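Colleague: Quick note, the sequences are listed as chains A and B, same order. Under this note's numbering, the final residue of the first sequence carries the number 366; numbering is consecutive throughout. Under this note's numbering, the final residue of the second sequence carries the number 472; numbering is consecutive throughout.
Calculated directly from the structure, the hints in this document are not laboratory data. Each hint should be verified, as a subset may be incorrect.
Unchecked claim - Calculated from the model, a selection of chain B residues having no Cβ within reach of chain A, i.e. all distances over 10 Å: (1) TYR20; (2) GLU141; (3) ILE273; (4) THR298; (5) ALA304.
Stated by the list, open to error - Each pair of labels, with its calculated beta carbon distance range: (6) A/PHE127 with B/VAL91: 53 to 59 Å; (7) A/GLY183 with B/GLY458: 56 to 62 Å; (8) A/ARG81 with B/TRP203: 40 to 46 Å; (9) B/SER403 with A/ARG81: 20 to 26 Å; (10) A/VAL161 with B/ASN268: 46 to 52 Å; (11) B/ALA145 with A/LEU28: 34 to 40 Å; (12) A/ASP78 with B/SER403: 25 to 31 Å.
Unchecked claim - Distance condition first, Cα-Cα at most 25 Å in a straight line; then the derived SDA-like pairs of lysine to any residue: (13) B/LYS318 with A/LYS273; (14) B/LYS236 with A/PRO240; (15) A/LYS273 with B/LYS61; (16) B/LYS414 with B/MET404; (17) B/LYS61 with B/ALA36.
Owing to the predicted nature of the structure, the values given are computational and were not obtained by experimental measurement. Where a beta carbon is used, it is the ideal one built from N, C-alpha and C, also for glycine.
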Amino acid sequence: MATSSFPEPKGALKWPDGILKWMDERLGLTELAEFARHKTVPQHKHSFWYYWGGISLLFFIVQLFTGILLLVYYRPGKEAFDSVRQITYDVDFGWLIRSAHSWSANLMVFAVFVHMFSVFFMKAYQKPREFGWWTGLALLGAVMVFGFSGYLLPMDELSYFATKVGLQIPSMIPGMSGLVNDLVRGGSQVGEATVQRFFALHAVVLPLLFLPLLGIHLFLVQKHGNALPPGEAAKPASERRTIPFFPNFFAQDLAMWLLALNIVTILATLFPWDLGKQADPLSPAPMGIHPEWYFMSQFQLLKVVGRWIPGFAGEIAGMGLFTAVLAFLAIVPLFDRDTAFGRRARLTTWLGVLMLGGMIGLTIWGYAAL
Amino acid sequence: MNYPTWDVPLIGSVWVIGAIAIFHVMISQFAVGGGLYLALAEQKARREGREDWLEVIRRHSKFFLILTGVFGAVSGVGIWFSIGLASPESTSALIHNFVFGWAMEWCFFFVEIATAAVYYYTWERVDAKTHQTLAWLYAGTSFCTLVIINGILSFMLTPGDSWLAVAGTGHEASRFWEAFFNPTYWPSLVLRSLVCSSLAGVWALVTASQLDGPLEALKAEVIRWSARWLVPSFLLMPVAFFWYLSAIPANSRQLIQAGVSTIGSGLFTQVTRAALVSVMTSATILAIVYFLAWRNPMDFKLGHSVAVLFLAFAATGATEHAREMIRKPFTVSQYMYSDGVRRSQIAGFNQAGFTTDSPWSQSMSQGELMFRGQCMNCHTVDGYRSMRRLMRNRDRKAIGNMLTVLHDTPASSPYRNFMPPLVGTPQEIDALGDYLNTMVGAGGPALARSSKSSH
């Protein structure tokens, strides 16, 4: 176990005793600190992957904070583009807030994917962590919808046409066309009504769903602690190393947050999110319209399957394949239940490798084919 | 335009200098701060009779010697090569004015490099007092190189009224000391000294984080001692920064604020963004060093120290970039523009022509000569500040109008404070307009394709 038994550095900042005592009596800080001190985190060669859940959370907090600031100037509806133009080119540090929001959104999707696959390969969905996995999957779904709904809000050319193409896909499913028209698009074409709907979804509905789900997910993580990867779990308890959650892991987590925050800042400042031309529904779609990178693998999958099986059947086959992957992820805790190295466990791992490789390969292929 | 031009596709010659200079600054400022670190660390170890500490310092001095003696020295020479190729006029002007300064710097540099090698190779071969003296000799000479180069670098932003009064008369060197101790000399020296101290600590954390085996017991102590080297920056950097800001010209201060409300291109808004990166990364370094290195030294691993180093690299790069940018549109403020044209030459070039005396007038078109001579110092065809992108959606008439604005520099021009005035006869400016129009149009010549280099 890594030691933390060093004397307190001279001059370390301390709360004045009186204030600390006053707060402790009311908030129970001593019990909380005691709990955190006794909580431990496994330490092994794969410990790096434990940070990704926290990093995802940080990016979400950045989203929340910058999103609230953007609400001050953003006006959905017919003024959507103008308000984003104002934020980007007129308001002091408006560009920074918008860029931080956009970059942290992309980084959050990336971090959530990394977190999901690290949990998958550590088999942290097995008993008793099934609900942690399912709530995590639901959060991943919500993050993707966050991304899709937020993408349209500036109403520039690229976001308009990409959303138009994106909404055509579910419309092709029999019986879905009316639902997409009435509920999601607000008409037969993407327009002001769509922006209003997407804004309500992005800024009200999704946060209302996301926050309780996140609360449950974090509660479950606290309750069951960090899972050990199979190789580590197989070792005798005496050979396993742990570090105290507080202050050791907490300090490292904080350092990772600071680094992640710096990456957002560096990207947002050096590569600020620009605004394209205002969307014109009457103009032809510009060349190379494509979804955001995190939808690219699905987009490419539909294209490829559509090429092999032309027509409606191809659309259904592509959607079916995609749905099968989601279904597999949902049932994996029931399929690969409690063995680390059994036949099902090995099969699941290989399917995970296939899924990850497929996602990366299709994404690269998608961009290369643009 | 009697010097050859240097065409570096995509990144432009400006970023060749930038990349080498940022790398060099990271190491050379470590060389200055690290010298003092070694001297004080050895003094402490000898005073306290700590043989184990001496072993740690010996290891660190090996790392120090390799990094500064090889990479620092090579990148320093690299700067000379690159500035000579990219900005020959500016380099020439600086050499003519500061040849005595550089002669002094090279003397100190020679002693510094030699002492660093002697210091490392004489561990346990000379007596303690001599070895300690070598450490102080190194620290002193390396600091002197900073004292001198700071005078030349700060001169470029604020040459001072005294020097400007004789600029272009051939008597510039007579105001050497006024130019050297220019208005930003002292705040700049304080800022750089603070950065040197921080970098000494940051680099020392890299070696301290790897202490293992019999020396692992020292890890906490060495890490905390190294972390202390960031304290002067933490306390004094904001004060020094505002001192520096108060000393720079008003239009440079305006440039720093240009990007507060917009990301509009062509307005140097990236200066503001670079300054933000610098502040953010510096604050993060202090936070990580406090929370991880100081509070939990035994958990401070190589990965953490490399992350801090990466942040220090980002902070250094952003700061140096911002410092270079706030001088725009000049290389030497109020005297020479970034395209190498002196203020005093503008009327002459407008009357007699910019390309008239060019040795390459037979081998390339007048438009390309104008482009190479006045645009290419800051722009590339397709990459950094791409001319093709900036001229996109402009027809020949719009390009001509823009060139007229750049030539006449009316008070209403948004480029007045950021770009040098375009010089040349109406015929030359027309030729440049044709060249740019062909470049933007379909199938237009890319500079790199039409002519690899005019060397």
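Colleague: Decide, hint by hint, whether the structure agrees.
Modeller: Right, here's what the structure says about each hint:
no.: 1; hint: TYR20; result: holds, 32 Å
no.: 2; hint: GLU141; result: holds, 31 Å
no.: 3; hint: ILE273; result: holds, 13 Å
no.: 4; hint: THR298; result: violated, 6 Å
no.: 5; hint: ALA304; result: violated, 6 Å
no.: 6; hint: A/PHE127 with B/VAL91: 53 to 59 Å; result: holds, 58 Å
no.: 7; hint: A/GLY183 with B/GLY458: 56 to 62 Å; result: violated, 41 Å
no.: 8; hint: A/ARG81 with B/TRP203: 40 to 46 Å; result: holds, 44 Å
no.: 9; hint: B/SER403 with A/ARG81: 20 to 26 Å; result: holds, 23 Å
no.: 10; hint: A/VAL161 with B/ASN268: 46 to 52 Å; result: holds, 47 Å
no.: 11; hint: B/ALA145 with A/LEU28: 34 to 40 Å; result: violated, 52 Å
no.: 12; hint: A/ASP78 with B/SER403: 25 to 31 Å; result: holds, 28 Å
no.: 13; hint: B/LYS318 with A/LYS273; result: violated, 48 Å
no.: 14; hint: B/LYS236 with A/PRO240; result: holds, 20 Å
no.: 15; hint: A/LYS273 with B/LYS61; result: violated, 64 Å
no.: 16; hint: B/LYS414 with B/MET404; result: holds, 16 Å
no.: 17; hint: B/LYS61 with B/ALA36; result: violated, 37 Å
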